[in-house]
Every structure is written in structure tokens, then in C-alpha cells.
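Numbering (the working numbering), first residue to last: 3 to 256.
These aren't lab readings, by the way, just hints derived from the structure by calculation.
It is possible that part of the hints are untrue.
[Stated by the list, open to error] Dumping the calculated DSS-like pairs for lysine-lysine here, alpha-carbon to alpha-carbon at most 27 Å:
| id | residue 1 | residue 2 |
| --- | --- | --- |
| 1 | K191 | K250 |
| 2 | K133 | K110 |
| 3 | K143 | K224 |
| 4 | K133 | K143 |
| 5 | K185 | K73 |
| 6 | K143 | K110 |
| 7 | K144 | K110 |
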Amino acid sequence: MFIDSHCHLDFIDFEPDLDLVIARAYAENVQAFVVPSISYQSWQRVCELKTARSSIRAAYGIHPYFLAQEKFANLDFLEAFAAENGAIAIGEIGLDYWPGSVNHEIQKRFLLRQLDIAQNLHLPVILHARKSYDELLLILKKYSLVGGILHAFTGSEVQAKRFIEQGLLLGIGGSVTYPRAQKTRRMLKGLSDQHFVLETDSPDMPLSGLQGLRNEPVNITKVAHVIAELREQEVSEIADYTSVNIMKLFKNWN
């Protein structure tokens with residue numbers, strides 16, 4: 003069984019054919035989906051998806067890249083909403099220092115508040131980090147979190163070790179399918195089985211050869227095939243242990 007640890011099935015991209023998207027995933031043994039929210043406005047939609055489909059798990063949070071549309075006061079509602087609506091994690095939260103992103107101090111203010119909430123609720127976190135690994139590490143060292151996933155990880159072996167020391171799993175997705183991703187591939191070869199999970203970040207992060215197309219959870223099987231070749235393991239073995247890693251992390255899985 004595969005689990006997609008990070009996909010945005012609430013996005014408008016999937017509105018016309020979500021049933022078919024999920025059916026295609028089921029047909030390839032992708033049996034469960036973690037859907038993190040990205041904004042205050044998306045919490046309810048993610049909650050509705052979770053309620054309607056037993057295969058979907060929900061995380062609630064505010065994504066750093068979209069803070070221009072957010073009010074800090076919206077976080078006043080996050081703790082209660084997450085507690086009352088079946089959150090398995092707080093996310094997608096983090097730091098995004100891509101050019102054109104929101105002021106870094108504002109991002110840190112939102113992140114710190116959401117880490118406090120995760121700590122209060124004893125929930126894991128689903129983290130986004132772009133051009134900000136070192137700063138995120140410094141922040142995480144100040145917290146006693148119950149674990150989490152650093153999604154879309156593309157860092158070095160040294161960075162991987164440091165995040166794992168903070169109790170995080172590394173989310174591995176479509177980037178590893180690109181032959182040019184040599185740093186990520188080297189890092190992945192040396193990872194222990196218990197330290198990473200699979201993801202697609204659908205509808206984003208297209209795989210090599212599928213650029214320009216909408217990404218879907220079914221493509222997690224293609225990611226697994228690339229990883230299997232790199233690590234000299236069976237695809238079924240990778241599916242099994244990454245799914246176990248996810249279910250061990252999220253105490254509210256069932």
C-alpha cells in the first residue's frame with residue numbers, strides 16, 4: 003500500500019474530476035492521502051474532504067508563501083479548529099524565502115505561533131522550507147515537537163541528518179525523478195528506511211517527463227520506482243515501510 007503524504011486535493015485543479023483522480027490512485031494501490039491546508043480560507047474545504055472520504059487525512063495551517071492574503075488574527079482560531087476537526091498535524095507551515103515572498107520576519111511570526119499550537123496540541127507538523135533550511139533548523143531547535151515531515155526535501159546529506167535529529171521525516175517527491183537531481187539522489191541512497199516518506203505535492207511538482215501536466219497522487223508509484231532503483235530495493239518494500247513511517251508519526255491516523 004502507498005500513502006501520499008502530501009497532496010492538495012482541495013485545490014480547484016481537482017474540482018472537475020476528483021473522483022476519477024482518487025480512482026486512478028486506488029487502482030495503483032495508493033490507498034490514503036494527507037491533505038494539508040495552505041490558508042485560513044482552505045481549512046473548511048480540507049475538513050469537508052476528510053469527512054466525506056475515509057482515505058483522506060487533514061492538516062490545518064497557513065502556508066508561508068500566501069501570507070499576503072492572511073491576517074495574523076486568523077491563527078486565533080487554528081488551535082480549536084484543529085482540535086475539533088480531526089487534524090493529524092499542523093500544516094502546511096514553514097518559511098519560504100523565494101524572491102518575491104512575504105517579509106521574512108512576518109513569516110517567522112506566523113511560523114512560531116503555529117509551532118506553539120502544534121506543541122500545545124501534541125501534534126506533528128508538516129513543514130515547507132524553500133531557501134530557508136538553516137534558519138528553520140535554528141527555530142526547530144527551540145521546540146519540543148512530537149515530530150513531523152519536512153515536505154519536498156531536496157537538501158544535502160548533512161542537512162538531512164540535522165532535520166532527522168530534530169525528529170522529522172523527509173518527504174521525497176517528484177524532484178528525485180530528474181536525472182540532474184544528483185545531490186538529492188546521493189542523499190537518498192544513504193537514508194535509513196525509517197527516515198523518509200513519499201509524496202507528490204499534487205497538483206504541483208510534476209515528475210520528469212510530465213512537465214506541464216497536472217500532478218496526481220497516482221504518480222507516487224513512479225517516484226517509488228525511481229527510488230527503488232536508486233536504493234536497490236523492491237517497490238513493494240518501499241511502499242510498505244514508508245506507509246508504516248507515516249502511520250507511526252500521525253498518532254491520530256485512525
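A quick look at each hint next to the structure:
1. K191 <-> K250: 22 Å, holds
2. K133 <-> K110: 14 Å, holds
3. K143 <-> K224: 34 Å, violated
4. K133 <-> K143: 18 Å, holds
5. K185 <-> K73: 37 Å, violated
6. K143 <-> K110: Distance ~14 Å between K143 and K110 Cα, so the pair holds.
7. K144 <-> K110: Judged against 27 Å, a Cα distance of about 13 Å means the pair holds.
The structure does not agree with the numbered hints 3, 5 stated previously, though it agrees with the rest.
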